Amino acid sequence: MAFTLCFVLFMVGLYGVLSKKNMVKIVMGLVIMNCAVNLFLIMLGYKKGGVAPILEKKTNLADFLARSVDPLPQALVLTSIVIGLGVLALTIGICIRLYEKYGTFDITEIRRLKG
Amino acid sequence: MDKSEKPVGMTLIVQTVTRWLKGPIILYGIYIVFTGHLSPGGGFAGGVIIACAFVLITLAFGAKFALGRVGKLLASELDSLGALMFVTIALLGYVGGSFFRNFIQMANPAPPFRIFSAGTILLSNVAIGLKVGASLFMIFIILAVIRVVEDKDGKMKMIQKKQGGDN
Amino acid sequence: MNRLPLFVAVPLFLAFLIPVLGRKWKTLPDILGNLATFFLLLLSLSILGISGVYAVGGWPPPLGIVMVSDGLTTLMLLIVALISFAVTLYSIDYMELYTSKTRYYSLFLLMIAGMNGVIITGDLFNLFVFLEIASIASYALVAFGCQHEELEASFKYLVLGTLASTFILLGIAFMYGTYGTLNLAHLARLISENGSTAATKCALGLFFVGFSLKAALVPFHAWLPDAHPSAPAPISAMLSGLLIKSIGIYALIRLLFNVFGFTPLISHILITLGILSMVVGVFLAIGQWDYKRLLAYHSISQIGYVTLAIGLGTPLGILAGLFHLVNHSVFKSLLFLNAGSVEYNLGTRDMKKMGGLQEKMPVTNATSLVGAFSISGLPPFNGFWSKLLIILACVQAKNIPAAVWAVLVSIITLSSFTKVQRYVYYGKLKEEWKDVKEAPQTMRIAMVMLAVCCVLMGLLILPGPRNAVLTPAVNALLAGREGYFNLTFSR
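Residue numbers (the numbering used here), protein chains in the order written: chain D, 370 to 484; chain Y, 130 to 296; chain P, -8 to 482.
Heads up, a few of these hints could be off.
Listed next, the stretches of chain D that the computed footprint assigns to chain P, with coverage defined by at least 3 CB atoms under 8 angstroms from CB atoms of chain P [stated by the list, open to error]:
(1) 418 to 426
(2) 457 to 471
DSS-like, lysine-lysine: derived pairs with alpha carbons at most 30 angstroms apart [said to hold, decoys possible]:
(3) D/Lys470 with P/Lys344
(4) P/Lys147 with D/Lys389
(5) D/Lys470 with P/Lys343
(6) P/Lys147 with D/Lys390
(7) P/Lys425 with P/Lys344
(8) P/Lys147 with D/Lys470
(9) P/Lys410 with P/Lys421
(10) D/Lys416 with P/Lys192
(11) D/Lys394 with P/Lys147
(12) P/Lys17 with Y/Lys193
(13) P/Lys15 with Y/Lys193
(14) P/Lys389 with P/Lys344
(15) D/Lys470 with Y/Lys151
(16) P/Lys15 with P/Lys147
(17) P/Lys192 with D/Lys417
Hints are computed from structural coordinates only; laboratory data are not their basis. In this text the structure is predicted, and so the values were computed from the model without any measurement. Glycine residues also receive a C-beta, built at the ideal position from the N, C-alpha and C atoms.
Just chain D, same shape as in the assembly (with noise of 0.2 angstroms):
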């Protein structure tokens, strides 16, 4: 079910990005489809009931393990997340320099390249 709502959320993300003409909403397609997958990411490692993957001298290994969450999706959603940061910070920059250059957000009309 959570999966099945993560795709859905996915593909309103690309529909963004796919039929949009305003480079803002564009862009909140790509944040959605990005979040989207780091959700998914996160759910792939949760156990429900789960306790946090932190290791003390004395927890009881076998009940930790059976019960702890998996830790290596969150470290690797945290770096997608960084990453996701990043982007996002570069792509709104050039969005507000085009702006600035053709005075408008639509993509339509900011045509001149071609060929």
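Here the structure of chain D is known, so what remains is to put chains Y and P in place on it, guided by the hints.
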């Protein structure tokens, strides 16, 4: 207020509160950075908090701060220094045997190094905190403060990028 | 394999050192940038053909991140180092046209670090991180001039590139969810033991789309003809010569051959994509009058050759494909540098306005002639040998239509470059270009260097050099999943 004197930034209330709060916010950010190896937090989160403090100052007192000496120092020098420090830690590990090796932990910590209870992780967190704090502040400057930077013939306006892959 | 991490660490270190020091000494970025790429060139020569594994942080393979070096890795590292050295040499004078050399070299070295990282890493998520570093740097470099066209091209490139990255990340998530590991060799072993599930096929499809977008194969090529011409000329050379190969083709074939296993279906897809790219690219190139845009379309077409040859899957096909990949890096970079030096002096890229530059710019003309001969496959130059091998491989694999297309596209390429030479360098010198000068010293040296490489690399067809350089790379791919697993877990 005198009409000839154009008010910079926000109202007096905001400015006063900011003056009181900027210290605790930065301190809290530093705390998060320095305990990142023991509790939730770390370089990225702490760096974001520090950057937020500077963003608050810029919002309250106007763009003069961001474009002044401190802002320039923060945005350009510290940004590179943080990343440089991170790579240097990795390279020190390389000299000590393996790239990114936790060289402090391995060498049976002598008294001055005992404070680094997780080896190089604390140092890496500090480096990441510097890098993230400085670059987020710089992104804020570039997106919000600097509008048009036309050189002589509008030759170039750089867009500074943030490097992914830390933490 | 102690030298492997340096391929990432040195450019990364210098990329952040340059902005710190470059403010005070104006010539320092030039010196450090060139030293870095020269150092990488020497380093990559020193590990040519050696295979080995490096465990980052001392953690053994399935747990930690590993860096794996085999024949293909060292070949790609060498070509990245060679082209980037020539390009940094060229940038010394060319980048005077722009204001901030410090930032330029910083981004440039980040891009090299990203590409080298993609090439040497043996971990799927690490590959994604390096791919993003290289991509982000390249988005920023395309927008470097900050004029209308550059920003527009960069935005287009950025949106499609981010789309590709998201697909790749989703594929990685599928792989991790199915197999619970990210190490490429471990994944390969698990896939060959457990067989592929629906999720694996899904991931394969996502990787195909993602990396094809990065490599600009034809249904996914829309960003390339805008992005590559808009960048500064040295960056165009880097993007066309290296980036689409190292983060597109290399990553794709590494995953297909060494992780997923090469099947007839994959072979069909690659051959179809290859022929499509070849034909569409070259036909779109014919009508172009923008010098660099024409070259960009030829990049699509030549990448199609590489994909076609590797897609055949036979030893000869892979040899031909890798040979053409290396050759294309050299001659396409050379051609972009030529276009750059014409633009440097004339300030325009429109070929209709040029003419007769032959007498004013003899070095550029001569090197451009070498590049044009190479790309269209005329005998003494490297392009001829690799195209010959590709055609032979097609015939050997009994794929006659592909061979016919390869020959036809080659002829059209020749005609297209005849047009370039005719309109830019020959004919009557126009009045307005009367006092045009030859490109500055370092730009000439870089172009001559690449031209000499074009001639010398034809020698790679001989058995001796071939066995030293190309054959290990072919063997690395042919070893498949088993060979890659054994190499990574060899200690």
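For the pair we were handed, D/Lys394 and P/Lys147, check the Cα-Cα distance against 30 angstroms. The hint holds at about 14 angstroms.
Take a quick look at whether D/Lys470 and Y/Lys151 sit within 30 angstroms of each other, Cα to Cα. violated (36 angstroms)
Need the status of pair P/Lys389, P/Lys344: alpha-carbon distance at most 30 angstroms? violated (46 angstroms)
D/Lys416 and P/Lys192 were given as a pair; does the straight-line alpha-carbon distance stay at or below 30 angstroms? Between D/Lys416 and P/Lys192 the Cα gap is close to 25 angstroms, so the pair holds against 30 angstroms.
Below or equal to 30 angstroms on CA atoms is what counts here, so check P/Lys17 against Y/Lys193. Within the cut-off at roughly 28 angstroms; holds.
When you check the alpha-carbon spacing of P/Lys425 and P/Lys344, does it fall within 30 angstroms? Cα-Cα ~13 angstroms, so holds.
Below or equal to 30 angstroms on CA atoms is what counts here, so check P/Lys192 against D/Lys417. Given that 30 angstroms is the threshold and the Cα spacing comes to 28 angstroms, the pair holds.
Taking only the CA atoms, is the gap from P/Lys15 to P/Lys147 under or equal to 30 angstroms? violated (36 angstroms)
Is it true that the CA of D/Lys470 sits at most 30 angstroms from the CA of P/Lys344? holds (27 angstroms)
Sort out whether D/Lys470 lies within 30 angstroms of P/Lys147, counting only the CA atoms. OK: P/Lys147 and D/Lys470 at ~16 angstroms, within 30 angstroms.
Holds or violated: P/Lys410 to P/Lys421, with C-alpha atoms at most 30 angstroms apart: Holds, at about 17 angstroms.
Is it true that the CA of P/Lys15 sits at most 30 angstroms from the CA of Y/Lys193? OK: P/Lys15 and Y/Lys193 at ~24 angstroms, within 30 angstroms.
Comparing the model with each earlier hint shows violations of hints 1, 14, 15, 16; every other hint is respected.
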